[in-house]
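Undergrad: What follows is each chain in one-letter form.
Protein chains: 2
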Amino acid sequence: MRIVALAGGIGGARFLRGLLAAVGPQDEITVIGNTGDDIHLYGLKVCPDLDTVMYTLGGGIHEEQGWGRADETWSIKAEMKEYGVGPEWFGLGDRDFATHLVRSQMLTAGYSLSQVTEALCVRWNPGVRLLPMSDDRVETHVRITDEQGTRAVHFQEYWVRLHAAVDAEAIIPVGADTAKPAPGVLEALAEADVILFPPSNPVVSIGTILAVPGIREAVAAAPAPVVGLSPIIGGAPVRGMADKVLAVVGVEATAEAVALNYGSDLIDGWLVDTADEGAVAAVEAAGIACRAVPLLMTDVEATAEMARAALALAEQVRK
Amino acid sequence: MRIVALAGGIGGARFLRGLLAAVGPQDEITVIGNTGDDIHLYGLKVCPDLDTVMYTLGGGIHEEQGWGRADETWSIKAEMKEYGVGPEWFGLGDRDFATHLVRSQMLTAGYSLSQVTEALCVRWNPGVRLLPMSDDRVETHVRITDEQGTRAVHFQEYWVRLHAAVDAEAIIPVGADTAKPAPGVLEALAEADVILFPPSNPVVSIGTILAVPGIREAVAAAPAPVVGLSPIIGGAPVRGMADKVLAVVGVEATAEAVALNYGSDLIDGWLVDTADEGAVAAVEAAGIACRAVPLLMTDVEATAEMARAALALAEQVRK
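Chains as they are written, first to last, in the numbering used here: chain Y, 1 to 319; chain F, 1 to 319.
Keep in mind that a hint or two might mislead.
Note: identical chains are not told apart, hence a pair may lie in one copy or across any two.
Restricting the straight-line Cα-Cα distance to at most 27 Å, the calculated cross-link-like pairs of lysine-lysine (BS3-like) are [said to hold, decoys possible]:
id, residue 1, residue 2
1, Lys45, Lys81
2, Lys45, Lys77
3, Lys180, Lys45
Rather than coming from a laboratory, the hints here were simulated on the basis of the structure.
Owing to the predicted nature of the structure, the values given are computational and were not obtained by experimental measurement.
Construct all of the structure, not just a fragment, from the sequences and the given hints.
TA: Structural data, given as structure tokens:
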């Protein structure tokens with residue numbers, strides 16, 4: 001079976017680990033990774049979501065933290081502080097830096113982000129084919145108003161430095177309108193047997209991927225059933241601050257509202273947590289098959305069970 | 001007193017530390033640093049000699065090793081090995097990487113190497129004004145013949161990877177012929193009260209600095225006395241492999257031959273080690289004042305004593 005999953009960072013990566021545990025060796029998983037939170041730091045190209053997927057599936061992730069490398073050292077960060085060179089609010093460990101150095105050197109040499117990602121994955125052997133959503137530069141910016149006035153800040157600054165504590169007024173995926181899907185993305189969607197939306201952020205992860213012209217259309221047109229998993233449980237994001245960015249696009253932070261926002265033209269099935277069983281009827285009324293199952297990714301087995309439920313629902317809605 | 005010193009890496013840096021201990025707070029030291037062994041690694045600009053001077057005088061050097069940072073960590077090197085990205089033979093620690101990241105980011109932003117060096121020195125506060133010999137790219141290459149045939153390799157590859165074990169056939173400071181002295185270099189030489197050649201490598205350190213058009217002429221024309229210290233003691237370099245590269249330019253590895261190679265049009269005074277007392281007469285016969293004093297930089301005080309001897313000789317030869 002050919003499974004295609006759209007994925008953001010931590011939540012997406014953890015779901016993919018469960019998915020890998022749920023499928024067999026004959027199944028092929030292609031991951032279309034969000035690159036909207038990529039950022040240039042110290043002259044290097046940093047791709048937090050791609051790296052989180054790569055490190056998580058490749059066994060190099062810092063488990064408790066969910067991002068960055070295990071057994072990390074922080075010498076460069078300490079040195080940057082001594083040099084007075086920022087940003088101080090973004091944590092890049094030494095091991096992580098190596099990835100950005102290799103990536104940046106390859107990009108400068110003329111390789112595309114897809115090619116670089118494939119090269120990095122030779123080492124990490126993540127068990128999936130990891131494709132960036134686009135080889136073109138897309139950077140999500142967030143419009144805010146604070147004591148410095150109204151301005152757009154990089155998503156990472158909003159998320160990591162400001163902890164989303166300032167109201168977001170708009171989410172702007174700069175460059176997305178002219179970006180092209182990376183090689184293989186549209187083909188993977190067209191040839192998929194199942195398409196999954198992991199419980200990633202519906203606005204700044206899945207939403208950004210869908211904002212690349214051609215990808216939303218390819219998902220909608222794909223013959224494969226499309227099944228998503230709610231990142232919202234009991235009216236709050238399981239992890240992260242999805243509610244903050246959902247508000248900007250006028251979507252309530254509920255399992256039901258997120259499903260309806262994707263809409264039945266995009267998704268065929270939707271999993272909500274058992275805590276949100278009350279949402280099932282409303283989602284189904286909108287033409288989206290819905291089941292309530294436990295959605296807490298407490299460990300790999302619990303996550304694999306979620307993946308199995310998603311694949312089972314996909315079979316039920318297959319035309 | 002305005003003192004100008006030309007300097008390579010480890011030997012030059014250690015001499016400068018002694019010089020700083022020998023002079024008073026009213027004395028101003030300008031160091032013209034060799035950049036011929038600069039190398040681009042992982043997309044970053046690495047300036048080994050400038051950094052060795054900066055770290056040594058700024059208290060950040062790895063004392064036993066003579067190069068690189070104290071309390072260094074090596075996470076990036078380990079990661080590069082996992083990625084299969086070389087060169088493995090060049091050791092860049094994590095703290096050291098931070099310097100190259102800051103430098104490279106500033107160079108990419110359009111600052112000159114002089115400006116970047118000045119900025120880095122704000123942190124290190126080396127107690128001298130450190131100028132690169134040139135803001136233009138100069139890279140010393142070495143022509144060798146081995147099982148791969150006759151070819152030119154970067155000086156660092158010759159020195160660090162091959163340990164100078166293959167005969168050097170030519171030393172080629174690529175780019176030196178069109179390089180311009182960095183801002184301040186010629187002015188410092190013209191206004192100097194004393195010019196010193198520390199016991200740095202006469203070919204690939206001092207020689208490369210002198211190969212930048214205008215610098216040799218400015219040293220020769222300077223009203224200040226020029227005094228050098230022999231890097232050769234008893235027919236062998238105190239440190240490093242100066243004999244290997246002296247052979248290429250047809251100069252014997254003796255304290256006397258190095259002095260005569262500089263010549264009386266360039267230097268006015270020369271210090272040899274007490275072990276080379278026999279060379280004094282021949283050097284003086286060539287029109288260069290010569291004294292034999294202990295030249296082993298065993299500690300800062302012994303080195304300061306060498307600096308005092310050099311300054312004293314400068315006074316004796318002052319016209």
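Undergrad: Using 27 Å as the alpha-carbon threshold, which applies to Lys45 and Lys81: within, between, both, or neither?
TA: both (20 Å within a copy, 20 Å between copies)
Undergrad: If the cutoff is 27 Å on CA atoms, where do Lys180 and Lys45 land: within, between, both or neither? Let me know, please.
TA: within (19 Å within a copy, 33 Å between copies)
Undergrad: Taking 27 Å as the upper bound on the Cα-Cα distance, should Lys45 and Lys77 be classified as within, between, both, or neither?
TA: both (17 Å within a copy, 19 Å between copies)
When held up to the earlier numbered hints, the structure conflicts with none and fits them all.
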